[in-house]
Structure formats: structure tokens, C-alpha cells
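Residue numbers (this note's numbering), protein chains in the order written: chain A, 1 to 439; chain B, 440 to 768; chain C, 769 to 1048.
Be careful, since some hints might not be right.
[Claimed, not checked] Only pairs whose alpha carbons sit at most 20 Å apart, straight line, appear in this in silico EDC-like list of lysine to aspartate or glutamate: (1) A:K100 - A:E126; (2) B:K460 - A:D358; (3) C:K969 - A:E362; (4) A:K153 - A:E60; (5) B:K460 - A:E361; (6) C:K1011 - C:D1033; (7) B:K460 - A:E362; (8) A:K428 - C:D897.
Rather than coming from a laboratory, the hints here were simulated on the basis of the structure.
One-letter residues, chain by chain:
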Amino acid sequence: MRLKTFAGGIHPPGNKQWSAHKPIEDCPLPAEFIVPLAQHIGAPSIVCVAVGQQVAKGQEIGSAKGFVSVPVHAPTSGEVVAIEHRAHPWGPALAAVVIKPDGEDRWSTELQPAAPGDLSADDMVERVRLAGVVGMGGAAFPAHVKMSPPPEKKIHTLIFNGVECEPYLTADHRMMLEEPERILQGVALLQYVLGAERVVIGIEANKPDAIALFTEHCAGTPVEVVALQVKYPQGAEKQLIAAVTGKEVPSGGLPMDIGVAVHNVSTAAAVTDAIVHGRPLIERVCTVTGSAIREPKNLRIRIGTPLSHLVDICGGLVEPPGKVIMGGPMMGFTQLGLHVPATKGTSGLLLLRTAEVDLNEEGPCIRCARCLQACPINLQPTTIAAYARRDLVAEAAEHRAMDCIECGSCSYVCPAVIPLVQAIRYGKAAILAKKRNSP
Amino acid sequence: MNQQLYLSSSPHIHSGETTTKVMRAVLYSLLPACGVAVYFFGPSALSVLLIATLGCLATEAVCQRLMGQPVTIVDGSAAITGVLLALNLPPSSPWWLTLLGAVIAIAIGKQVYGGLGSNPFNPALVARVVLLISFPVQMTTWSAPAPLGSGLDLVTTATPLGAWKNAVMLTGKLPAEMHGSMADYFLGNMPGCIGEVSALALLLGAAYLFYRRILTWHIPTAFVGSVVLLSGLFWLINPAKYPNPVFHLLTGGLILGAFYMATDMVTTPVSRKGMLLFGVGCGLLTVLIRLFGGYPEGVSFAILLMNAATPLIDRYLRPRTFGVLAGKA
Amino acid sequence: MLAAILSLGCIGMIAAIALGFAAKKFAVEVDPRELAIIESLPGANCGACGFPGCAGYAKALVAGTIDLNQCPPGGADVVAKLARIMGVEASAAAREIAVVLCQGDNRKAQVKYHYLGLEDCTAAQRIADGPKTCSGGCLGLGSCERACPFDAIEMTVDGLAVISREKCTGCRKCVAVCPRKVIRMTPFEATVHVLCNSHDKGAVVRKYCQVGCIGCHICQKTVPEAYKIEDFLAAVVYEHDIKATEALPKCPTQCIRDFAEGYPDGSTLLPAGADKTHAA
């Protein structure tokens, strides 16, 4: 039987064998936590503690600013030793709360569990918001916003993303194998809140054990488990929706425009924690992997843990890395060093050896059109990149640069080693700047 | 530790495919055709191949030096132009003709436009057409195949297409006797340019390129298909005057053109729809020129004309963007 | 033969009549001064005047909506010509040229990472604020060189942008494109500049750059009226530029340079015996 899929895409080596069979390990607490106030899409949180203050685990240390924002919580009990700009995964130093653990790891007494039967849908959304839950696939979009579509956009299909298409990463895979109940309870809660008629969990075919386990767990329930062809970027929201429903999210639109909502499976687990246990999002599973790390592992880490600590826990470095990547190799960000802290969106820490860094010089475009074949949005990456680099903003926009999902498939296949994604990003920034300057 | 870290925009892995590897694969795929050429036409074919290839490499090196650019002949693209040019020349081409062709192909067909990736026309075809128009005698002096070991010398004769054109112009009908059988045409036992004779060798090379995903099916299929359809139409109308489609397929440079010249990445459209239209255009023009034009062979002109249309095709035939309804821009 | 001559002749006649007719009927009324102005302008279409190309500026001038001295590349010559054409008095604005306030090339300044990607300063700046440790220093990827319509900018072999005093026309395109804001407009007569753009404290600057300004105030102590220090960064007070040379030998990091003596290290440009004549 042919598995469902989408048009375009690439087949990079999976490299999941480094960590796919390793059960999740709890990461011991580091000596210092650096908790950035900006870990999500939307307005950064506003700090609400002071230097010298004692905080408990799960206590709010930064409050949400506006609707598209979430609060940030202390990952452990301890003392706030500083509130200052610190190295941040996104590049420039940003405001962070620095906490020294007291070793007791005491939960805040303010957190209250609840029985889902007693809660209304609005109550649940509020609990998710207060818990600071964001999309755990890496994008870190506030979950409560996705759970509150405007009334005219009714969600009829709810899809859970168990695809994890990025090479090397296995965090979601291990979550599905080890904590299916936590995930499935979140699935049920989200279905209740959104009122969706159809619920699907999409899993790539390279995780047959997870597919089997979930199929077994969901037997007799309305939840469908769909196996998807292994192809990157199957886990991208639009491609996942296209594969499962056969429908395309309109250009410039959102999944809710066609009545669909997508949540990562780990987000579902975090939703369970928030609604049922009243626990805020302060930890997540992160795959530490790559050939430069001695013992690749799937670690349950607290937010704010410096990457250097993760490296220590994983046996240290085999050799000085060439690239430190937060996330996967296709869409992750390179980091300035290991002093940077992990955040809510840190699904992976990939350490590549210098020999694996592609240093090939760029050559001229030979119009081979591989980028067109690879692009899951059917764009013409080479054309858009060429316009963007010449600052021909209107032409780049006309070729739909803003539709690019920056998945990296085009750059991956380009024989001329042209930095297509970077050029298209440059073009997108120029398009947005032009819009801002001339409304 | 910081000093050694590399930072860049995503993605951070690469397929490993490079322009040089692509060019090398194309050169490998041309080996069977070259081998057959040397077998059927002997040392003359070999010298044409060598002069063309080395001439192209040298011209590119000189041009790049003169323009103050880094010399990139090792990427293999000039070598491919040289081999393809050679395959498009008659086996008895004098050395100066071949060398002139090489210089024209690279200097005028490629470097003046900015080098690799910037030329609008297929460089080998530019050279071939310039030579054809400037030196019609040398460019249409064909030899009957003299397979190695047969002890035969090259003897001047007409190509099957040439013979047909002559006959039609003189008598309005097919020639009384068509040189060779279809099997001969397929294997290469026929007069013609050193590369166009053996459909089998060319198809073998093309198969390798399909396997390497350097060739896609769109242009060759559209080209060959439209040739078969249009020539078939005329053949059905008047079989006494027009040859059958299989004849068209196996003679002249159609296989060489459809699989190697019309599929040159730089000068053809990038979208799949565009490639199909390009192929169809080439096919129709080829048949029209062959049947009604002044020259017996139409492939080179057809491809060059469609090369000129490529920017237009690219502008109007774009793939449908995900999330945009068909029909809207 | 005759038929050919006659037919071609007729076609030619018809075409000529048609063209003549069209030229009259569709003629665009253009103020003759506009054409004269376009002739006088440099023709680089650089946009410094704020109009789309030289033709745009000419149109605005004739319409009376803009001053005569808005074309920096034209300089005083062009202002005089325009004044003659428009029949008014006019004086040129003081000539300004662009200077890259940095000497931190790859040999002298530290990088915080090896950058891989587009050879563009704005693109590199987006990746962790650029590869140079100094947040104000020149990134050396050549975006300004490519933006300059007058070929006035040179990238040294060690990755520093240097602007030719003679060729710069003051069009400001480089200033607009530089993401570090390290290029400044300065009076043409001023040849002494503090070539640093970092406001970090001296001790910090010393760690990442051999030729950065450490805010030690020695220059200001030597020639108080020629230097001002703001936020650990010295700058020449250009009205007193001629006196500023006295402080050059005293600067501990050699970050002050007199362009009349020479361009920064690595540049192939030669000083043109610049006049240090100042208007009063």
C-alpha cells in the first residue's frame, strides 16, 4: 500500500540510528540556569522577579505580554542571581533570568492539578496559557493561541505531528514510545477544546514501533494513526496537512483557514501537564547527537540549561566541533558557542565535526532545476534567490518569496552550492522592510 | 573554541552533488557514442574529438584569463561542449574547421555572455550552425562508415536525410533505394555526423543520465513524441513523398539532439511544464524544417530557436505554487 | 529587379511618412531646459538627489520644486552649469565624501566565528550580529564596493573597505547599504579621521582589535579643540581638522589617520597630495 505523502521534498540520510534506541534520560541540574525571557514567537515575557529573590520550581518569573505571548517559569527552586542580557540561541544577547539552584528542586505550592471533567474549554485554554506551553516541534508558537481560533474558523480536523522529519532528531520518537498515555490524554483534551470531528496522528514510516504502539492504543477510539512516507519535510505543517487531508493551506493563510489545526505530539504531552497537573512548561526532551559528541542521548532537560552542561552529560566532545546546531541540520540555528542556554524550542543539539562542514565555494547557477524539483511549495528557488541578491524586491515578491517555508531542501540539492535559503531569507526581509516603509 | 566554530544560515548538510560531478557524469555518458564514432569512422573521428575538446578547454582558459576571472576549466563544462561539438561534425572535418568551431562555441557561445550558466544558446549548436552556414561544403561532406578492421577508407556519400531531400526536390518522391536498413540506423552503420549515427550508443548514455537523475523525461519525450506525431501525420497523408516516423527518429541528429543538445540545462526552461513545451516546440520545428525547409536537417536550428524562447517560457509557464489555485498567478 | 526596387521604395516611403506623422502627433512637450540639464548632469543615475535618475532630477528642477545644489556627484561645476541654464544664482553645498571609520581588517581585528554563506554584509550581520567581534567594525564582505556607482571603494586583501577621496562623489549609496553604519559623510577638506566605530570600553576593545579606539582621551588632551570623546570613542571635530594631526603620534593604538599621508594598511590607493586648504 502506497503511503501518503506530498509533492517535492528530499531524502537526506536519516542519521537517527545514533539515538533512536536510547531511552530518555533525566539530565541532572546544571550549576546555573540562564532562562531567556524570549523563547517563543510573539512578545517576549516581562520579568516579574527581582535579583536576590528565592523562587520555587514552576514559579512564574516572566509574565506574558499581550495575547500572543506566554509566561516563563523557573526550571528549579533557587535564587535569582542576575537579570541581564546573556547569550541567546537567536544570535544577539537578550534579557535572561539567571538562577542558581538550591538543590532541593521544590515545586511551587501555587500549582493546582484539576480534573478535566470539571473544566470548560475556556478554562483549559487559560491553564495552557498560564503554563507557558508553546509548540514543541521547534517553532515555539504559543499553544493557547492555536487553541483559540476565531469562531468563524471552525476546526474539523486535528492533526498531531509525530513525523520528526529532521535528520538526527529522535526526541519525539522516544516520547511516543515511552509516554504514549501522556500524549494521548493531550490529544483527547485538544480534541475537546477544538471540537474537531477528525483526529489524526501522523507518524513517518521510519518509526514502525511508534506506529504499532499508537495503533494499538488508539484501537477502538476515533483517533486515526496514519503512516507517512519518509521524506523531508513531511513534518512541515503545510506538507503534513496536504499528505493527511489532500488539501493545501492557501498561500498567505493559516491551517485554520481550511479548518485544520496541527500540534506536535510533545506539545500534546505538555498540554496534559498543564491542564491535568497544573504544571508549567519547564522541561522537554532534547536529542544531543552528532559525530562530535561521545555519547548521543535523548535527554529530558530543563529550560535554561547551558548547552555545555548537555555536552558534559553526554560524555563530552570527541573533538572540537565545526558547527554547534540547535535543532536539526536542515532548519536549526548555528550557535556562537556552548555557553548558550537551551530553551522551550530546543528539540536537538547537533554537534558536527569540522570535516562535516561543507566548505565548498559557491559556483554559478547552471539552471539544473533540482531546486524546483525539491521545493515542497513548488517555487523557483534559484529565480527568487537571483532577484533577492540583486535587490529586485518587487520581482522576488512576485515570484512568491513570502511563501517559502525555509525548509532548506533547495540548498541541500544545489550542485552549485548556492546559499539559496539565505538569499531567499534576505529577499523576504527586504520585502517586509519595503512594506513597512511604504504602507 | 569559539574561533573554530562555523556559523551559517540553515541548512547545514548538503547532498554532496556538485557541478563538477554532474559534468563528469555527462562526459561518461558520452563515451559510448564516442567509442562507436571511432569504430565506424576511424582516426578522423578521433582527431575531431580531440581537437574540439582541447580547443574548447584552451579557449575557455584564455577567455577567462583575459577577462580577469578565475580559470574554471576543471569543472568539465567546456570539455562537454567540445565533445558535443565534435559529435555534431562530419568525420572528415578538417582540423581548422573543428578548431574554429571550438573557439566560436566557447568564446562566442558562452564566455561573452558571462560564462557558465549565463549563455542563452547551446554553445555547441551555435558553433555548428555558424560553421554550417559559413562552410557548407565541408559541413556536408559525409563519409560512409568504414568500421575499424574492415580495411575500408572513408568514402564520400550522402546521409539518409540528405538523400531523401535530394530525391524529393528532384522527383517529388522517396528515393528509389534508401541507404541501409533500420537496424543499420539504430546501430550506427550509416553516414552522418560522428555522433548522430548510433542511436543505441546514445540511448545507453542517456539511460545512465536518467539513472543519475541528471536527465528528466520531459524534454526528450516531448521532442521525440512531437517528431513522431507530426512526421507520422505527413507520412499518413502521402507515404510516397514523406518518410515514416521511425526513419525520422533514427536518422539525422534527432536522438543526439533530443537527449543531449535539447536537454542542456543552462539553455532550457526550468519548470516541468516549460520543458514539455520546449520539447514540443523543438519537435515541431525539426519536422517542419526537415520536410519543407532548405536544409535536410532541422534539429540544430529548432533547438536554437527554442533556446531563444526559453526566457519567455520561463516567465509564463511557472509551476503552480502550493496553496495557490490554478489559474491565479 | 525593377519590381524589387519599386516595392521596397514604396514601403520605405510609406514607413517614412508614417513615422513623420507619429513624431508630430505623439510628440511629448519637453521643456528645452530639461534636456540641457540632463546633458550637464553626471549621468550616473545614482539617486543621491532623491529622484529617480538624472532625468527625474532635471524634471524637478524645471518644475521648481528642488534646489540646484542637490547633486553631490556633480559638484560645483554642475551647480554652476545648472545655475546658468536656469538663469539664477546658486552656490554649491560643501563637498562631502564618505569615509569608512575602521581599520580592523582580518589581521588586526578578531572574529567571533567563521562565516559561511552569501558574500553580503547585511546577510552576514543577520547571523549572530556578524562575524566580527567588534559590533561596529567593517565586515569586509564588499556590499559597499558593489553599491558604489563610481567605483570609489576598494576592498583590501585583508577584508577592509577603503574609499578613494578623489573618486567619491558623496552620493551616500554606501552609507545606506552598510549594516554596521561604519561609513560616515565627512567634509572633503578634512583628512584626519579617528578610524574606529566601537563604543566599547578600552579594555574590551583591546581584546578584539589592535587598532581600535580605547577612549583614553590622549588625543583630546593633546589638542583639546580638535577632538571630542563620546562613550569611549574619540572623533575629530572637523572644523579644527588641520590641528588634529598633532595628536597622531600620541595615539596608543594608531587609530587616528591622516589620509593626506596615506590610506589604511593594505589599500592600494595613493594619497593625491591633498590640499589642506580650508575656507577660513
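Structure-based check of all given hints:
{"no.": "1", "hint": "A:K100 - A:E126", "verdict": "violated, 30 Å"}
{"no.": "2", "hint": "B:K460 - A:D358", "verdict": "holds, 16 Å"}
{"no.": "3", "hint": "C:K969 - A:E362", "verdict": "violated, 38 Å"}
{"no.": "4", "hint": "A:K153 - A:E60", "verdict": "violated, 32 Å"}
{"no.": "5", "hint": "B:K460 - A:E361", "verdict": "holds, 14 Å"}
{"no.": "6", "hint": "C:K1011 - C:D1033", "verdict": "violated, 23 Å"}
{"no.": "7", "hint": "B:K460 - A:E362", "verdict": "holds, 14 Å"}
{"no.": "8", "hint": "A:K428 - C:D897", "verdict": "holds, 18 Å"}
Violation of the numbered hints given earlier is confined to hints 1, 3, 4, 6; the remaining hints are satisfied by the structure.
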